[in-house]
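With the hints as constraints, model all of the structure from the sequences given.
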Amino acid sequence: AQKITQTQPGMFVQEKEAVTLDCTYDTSDPSYGLFWYKQPSSGEMIFLIYQGSYDQQNATEGRYSLNFQKARKSANLVISASQLGDSAMYFCPSGAGSYQLTFGKGTKLSVIP
Amino acid sequence: NAGVTQTPKFQVLKTGQSMTLQCAQDMNHEYMSWYRQDPGMGLRLIHYSVGAGITDQGEVPNGYNVSRSTTEDFPLRLLSAAPSQTSVYFCASSYFGTGNTGELFFGEGSRLTVL
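Protein sequence lines correspond, in order, to chains A and B. Going by our numbering, the first sequence opens with residue 1, and the numbers climb by one from there. Going by our numbering, the second sequence opens with residue 1001, and the numbers climb by one from there.
Hints are supplied without guarantee of correctness; some may be wrong.
Stated by the list, open to error - Derived DSSO-like pairs: lysine-lysine, alpha-carbon spacing no greater than 27 angstroms straight-line: (1) Lys73/A <-> Lys108/A; (2) Lys1009/B <-> Lys108/A; (3) Lys3/A <-> Lys108/A; (4) Lys3/A <-> Lys1014/B.
Claimed, not checked - On the chain A side, residues computed to face chain B include the following (Cβ under 10 angstroms): (5) Leu34; (6) Ser42; (7) Glu44; (8) Met45; (9) Gln51; (10) Tyr54; (11) Phe68; (12) Ala88; (13) Phe91; (14) Phe103.
Note that these hints are calculated values from the structure, not bench results. Remember, it's a predicted structure, so these values are computed and weren't measured experimentally. Where is the CB? At the ideal position from N, CA and C, for every residue including glycine.
See the structure below:
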C-alpha cells in the first residue's frame, strides 16, 4: 500500500512569486505514477501534472513542474509566477494504477495580491 | 464531451435508507473508481473497476456495493445509510493504453448527508 505525506497544511505565496509544495510517498510497488491535483473551493478535482516512476525527465506542464527525486521518494510541485486563481487545495496522489490512487491530506495554498 | 457525470449532486438521507449514486462516463475508459472525501481529508478509495464485470475493494469498502455491467456506468450503492457515510463522493475514470498520460478524470462530486 502507498502512503502519501504532505507536510505543509497551509502555504502562503505572493502573487507572481514561485512556490514549492512538498510531497513524499512510501511505496513498495516497482512501478507507479505520481499526480498532482488542484481542488478549488468549488470542489472539483483538476488534473495538473503526471510523472511515471520510470520517466527519466521531470514532468512540466505550463507553469507547473514536478521535481521528482526517486531516491528520496519525493515529488514536489513547483508553481511558477503564482496567480490569484492558484489559491486552492493541492493533492499529490500516487498509485500503481491511476484507478487506485492513495491521497494525502493536501496543502492549502493561498496567493496574496 | 460530457466526461464523467455523477447524479445526484446533493442528497439527504435518513439513517437506514438505501440509495444509489450514479456515475457515467462517455470516454470509453476501462478504469473507474469511487472515492469519498471527508472534511480536511484527502480522497479515500472505496471501490474500483478495471473493466466491465470486474470490481474490487479499495481502502474503505464497508457499507458500499458496486457493479459494472457496462463500460460506461459504475453505480455506487449504499445499502443502509449511516451518519458516518456523510461525505462528498467522487467518481473517476481513466484510460490505459499507449500514450496514456495517467490522468484520472473526476466527476463534479456528490454531497451526501445522512441524518
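Going down the list of hints, with the structure as the test:
With a C-alpha separation of about 22 angstroms, the suggested pairing of Lys73/A with Lys108/A holds against the 27 angstroms cut-off. For the given pair, Lys1009/B sits about 24 angstroms from Lys108/A by alpha-carbon distance, which is consistent with the 27 angstroms threshold. Restraint check for Lys3/A and Lys108/A: satisfied, since their Cα atoms lie roughly 19 angstroms apart, inside the 27 angstroms limit. About 34 angstroms separates the Cα atoms of Lys3/A and Lys1014/B, which puts this hinted pair outside 27 angstroms; it is violated.
With its C-beta approaching chain B no nearer than about 9 angstroms, Leu34/A sits inside the 10 angstroms limit, and its interface hint holds. Because the closest C-beta pair between Ser42/A and chain B is about 9 angstroms apart, less than 10 angstroms, the hint holds. Hint status for Glu44/A relative to chain B: holds, with the closest Cβ pair at about 6 angstroms, below 10 angstroms. Against a cut-off of 10 angstroms between C-beta atoms, the interface hint on Met45/A holds, since the closest Cβ of chain B lies about 4 angstroms away.
Given hint, Gln51/A at the interface with chain B, holds; its Cβ is 8 angstroms from that chain's nearest Cβ, closer than 10 angstroms. Annotation: interface hint on Tyr54/A violated; nearest CB of chain B at approximately 12 angstroms, more than 10 angstroms. Because the closest C-beta pair between Phe68/A and chain B is about 13 angstroms apart, greater than 10 angstroms, the hint is violated. Below 10 angstroms, beta-carbon pairs count as interface contacts, and Ala88/A has none with chain B, the closest being about 14 angstroms; its hint is therefore violated.
Hint status for Phe91/A: holds, given a least beta-carbon distance of 5 angstroms to chain B, under 10 angstroms. Taken as an interface hint, Phe103/A checks out: its beta carbon lies about 3 angstroms from the nearest beta carbon of chain B, inside 10 angstroms.
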